[in-house]
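Model the placement of chain B on the given structure of chain A, informed by the hints.
Number of protein chains: 2
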Amino acid sequence: MKPGDRIKVFAPATVANVACGYDILGFAIDFPGDELIMELTEKKGVEIVDIVGDGGVLPRNPLTNSASVAIMDYLNYIHADFGCKIWIKKMMPSGSGLGSSAASAVAGVYAVNMLCNEKLTKHEMLPFLLNSEKVACGSAIADNVAASLFGGFILVRSYEPLDVINIPVPEDLWCAVINPQVIVLTREAREILPKEISITKSVRQGANVGGLIVGLLRGDYDLIGRSLIDYIAEPYRSKLIPGFYDMKEAAIHAGALGSSISGSGPSVFALCKGEETARKAGNAMKAVMDKMGIEANVYVSKVNPTGPKALPFMEE
Amino acid sequence: MKPGDRIKVFAPATVANVACGYDILGFAIDFPGDELIMELTEKKGVEIVDIVGDGGVLPRNPLTNSASVAIMDYLNYIHADFGCKIWIKKMMPSGSGLGSSAASAVAGVYAVNMLCNEKLTKHEMLPFLLNSEKVACGSAIADNVAASLFGGFILVRSYEPLDVINIPVPEDLWCAVINPQVIVLTREAREILPKEISITKSVRQGANVGGLIVGLLRGDYDLIGRSLIDYIAEPYRSKLIPGFYDMKEAAIHAGALGSSISGSGPSVFALCKGEETARKAGNAMKAVMDKMGIEANVYVSKVNPTGPKALPFMEE
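Protein chains in written order, with this note's numbering: chain A, 79 to 394; chain B, 79 to 394.
With the rest of the complex left out, here is chain A:
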């Protein structure tokens, strides 16, 4: 590693919570995601040269941007005597429930780690990403960053100590995500939840976590679908998303295995077996938004199995 070395990387967007997995499950999708270019510099610290695609809303200050915060933690950890410049290309909306800040941060640490000859493992990089989530979102939640970093599904079993388990996904698992142009504040989405839940519902929630994980590990798509039930967040947060239950019903009617809120919303995901069904589910959800006169973007892609990756500098 020497000044001038550079790399371009992509890190995937993520769907957190995944119905039954409120606050503990997440998965990565092939598209959208963020691109980041990094160039090592003699000067220490992280310089954000440019951010495009965010409409100017993301912080340019390296102390508050999720990517630079994570990179800085990495550089400090390895006692680097160099720094870097970064260019970020946002290819997804912020505040959409798709792990926007997480994807930028993961792209950042993945890039610096590649330029440092993969000095650290993914598990070793997680703490930097938790810290960046705390700076960007106010709480050090692991589901988005871990899913974007590892790819596939991840289970956050414990925070103290941090215990993140990655779970491979069956080959033909696709996802349709719709991002309606409505605003849901993460804080409001948290405050709308009750503080307690009945033991009965808690037990059923855990049973579905178990069912979903068995389904993923066995490639049992029906079981995956049967397990996508949420007793904790969806009954409350759905009120913040106009047309939520109509979209969910439309997706399932189109063949989706199941559907729920992505992160704290307003995006809604539908897991499907195969690309064709995912496209139908995406179109069905879009038709509901069209009928309500709400603008919405639809993304259809495979569940991403591997996390971030290096990209060629094709523009050169």
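Hints may be right or wrong, so weigh each one.
Just so you know, same-sequence chains aren't split out, so a pair can sit in one copy or run between any two.
Claimed, not checked - Mimicking DSS-like on lysine-lysine, the simulated pairs with C-alpha atoms at most 30 Å apart in a straight line are:
#1 Lys273 to Lys317
#2 Lys121 to Lys212
#3 Lys200 to Lys351
#4 Lys279 to Lys317
Think of the hints as simulated: they come from the structure by calculation, not from any bench.
Frame of chain A, contents of chain B only:
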């Protein structure tokens, strides 16, 4: 199948709840368990000829005994024009939290199904067993009967509709169970639980269900151990079992992966990697009871992978 046909079977005892899996997880152990001899008769109905090993406490009335109730449901379901006589040999205590009524019922339906050329699948027999649990225990809980019937671990994902998933166990998973001679009433053990739980604890409980299932499917013993944490039942039910935390600590100190209450108690289990560790954990728990002057039986066996089995008539 004709009158006079007979069979002798064994059905395993079971550990339900399994720490994080309150009301949804269970597993079978190789020993103890119940033996049952069945002989088909021209006369319809089920006759209980004898029960030994129960100290005379179990019902001899075919309408209230868990085994005969389940067998009768089976015979009615297949429109049998014959009946049977049964002899039950209890090899485990009732009211111990080891699924005593479930083991007898499973032995009964397994026996009649074998004599009927395996007419029904295990999944088809489950409803009869749920009904027998309702008659014997007052509620149609599936964890003990399903674990005894399928062997290995089972997950009760849903009751409506009934969705029981069996999960194979790693080869070297052993269990020590201690049954202290104290009385815990199932009703009292239910009533001591709160009706609600904080979302935070509910989330962590579900995360551990996920961790345990990944651990079982991957043969990751450490992960199994890390996941054996219970926020729902153990903090309350432990008060009904003298010396519970001392036993748990002793088992873990002896090398157990984890330890908690079996069913609604008073039995306590410790899951272990390998027979030697399981024996040490069993002895360590027994030493705690000895010191407290409480009589207790210890059972050490493999997690049973297959459920009930036919036995030879060796006494002849």
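Inset, instruction - Indicate which option fits the pair lysine 200, lysine 351 if close means a Cα-Cα distance not exceeding 30 Å: within, between, both or neither. - result: Close inside one copy (29 Å) and across copies (28 Å); limit 30 Å.
Inset, instruction - Could you place lysine 273 and lysine 317 in one of the four classes (within, between, both, neither) given a Cα distance threshold of 30 Å? - result: Answer is both: 17 Å inside a copy and 26 Å across each meet the 30 Å cutoff.
Legend entry - Within, between, both or neither: lysine 279, lysine 317 at alpha-carbon 30 Å: both (19 Å within a copy, 24 Å between copies)
Inset, instruction - Evaluate lysine 121 and lysine 212 at a C-alpha cut-off of 30 Å and name the case that applies: within, between, both or neither. - result: within (26 Å within a copy, 73 Å between copies)
In this structure, every one of the numbered hints holds.
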